[in-house]
Amino acid sequence: MLQARNSVDVAISESFKELALTCSIEKITIKEITDKAGLIRPTFYNHFQDKYELLEWIIQSDIFDPALVLAQQGYLDEALLIIYTNLFKEKNFYRRASHLEGQNSFAGMIRADLKSIILDALENKDLKLPNGWVTKDRLADYHAGYIADVSIAWIKDNMPISPKEMSDVMNFMLKNSLLDVLKVEGK
Amino acid sequence: MLLHEIILIAIGLSLEIFAIVVCKGAVFSKIRKKALFELIAIFAAWQLVTVTIGNLLVDVLDLTITSANEKGKLLLQILSIIIFGGIAVRMLFEAHKNEDIIESREDSIKVNNILQISAIVGLNGLVAGVGFGFMETSMIKQLIILVGVSVLAVITGIYVGYNYGYRPKTRGYLLGGLILLITDIVLSIRYFN
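Residue numbers (the working numbering), protein chains in the order written: chain A, 2 to 188; chain B, -5 to 187.
Hints listed in this document are in silico derivations from the structure and should not be mistaken for laboratory results.
It cannot be assumed that every hint is accurate.
Claimed, not checked - So the derived list for chain A, only partly shown, Cβ under 7 Å to chain B, looks like this:
#, residue
1, 42
2, 51
3, 96
Beta carbons are placed, not taken as given, at the ideal position from N, Cα and C, and that holds for glycine.
Chain A with its partners taken away, still in its complex shape (with noise of 0.2 Å):
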């Protein structure tokens, strides 16, 4: 899941973020992301299949790995305070990268690796599922959808709560179901 990150991918990665800061990412070239990058063209087929598997790495790799061990340990609240926090970071790009929709959405990726890294948690964990249809991936499938949805209506938003506060929110809604706040509100 962790991956390794070599100077032109960085480059490239850096050259394209740059330009989705002025143009929609559907209409940048290939030519303009390596230009800026200071590369021959030919270069980036090396390395990526198309603009959308770079942006999914800069997803993977800049936003999920940080995150990841502290994730895989079981250090939730500080996991996701790096995503939140790596994401503000460069917000104005993933606010630009959002608004990506249909075959290479923003949300089908951030749904995927989301839905990866919780899979991985439930790996080998014993679940006491109430029934065979409820099985690891539509669990993974849903948590991945609620908490990809909510993190891209912020991130749409223009991130108007700080990073911290955003990861209290997840935390919440993580921790607490529909009929536990229901239970709440009607005290």
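The hints should help you fit chain B onto chain A, whose structure is shown.
Below, chain B alone, put in the same frame as chain A:
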């Protein structure tokens, strides 16, 4: 038709091939000779077959300028101008559309895919063959020039796409359309003077 007119029309038509092939070069991670030869063969074959069919169609229907009466000659000249003018307008429209493509690495040549996207080249070849046929242009000259220029267009297109991406395709369409339009005007002046 005069030699320089055939050459100009061939260049104009081949710029559409250039525009198509630029998009293919833009997704190569490396230019492999096998892929290059496959593309050359596909486009050369397209031109060879469709131009020949266009000419044969005219022969079979006996629609050449020498077999026509005065009114018929005028009509054939006008049709020939309309054919090349029509292709020119379509290419200029493609240039105006300026469509983006998704640059995703694709090193193999999928023959069915290439045939699909180059169908328009086949259509151009067919109508150009008809247009040339009306004017009783030597088929040998047509084929040598058209196929030769097409091969150059493929090679140039691959290298331009590989090094500069797909955006030069718009210039290809624009230049091709303009060359055909100008040639059309030159033909009109010569025919109706």
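Quick rundown of the hints versus the structure:
| no. | hint | result |
| --- | --- | --- |
| 1 | 42 | 6 Å, holds |
| 2 | 51 | 4 Å, holds |
| 3 | 96 | 22 Å, violated |
When each numbered hint is compared with the structure, a violation occurs for hint 3 only.
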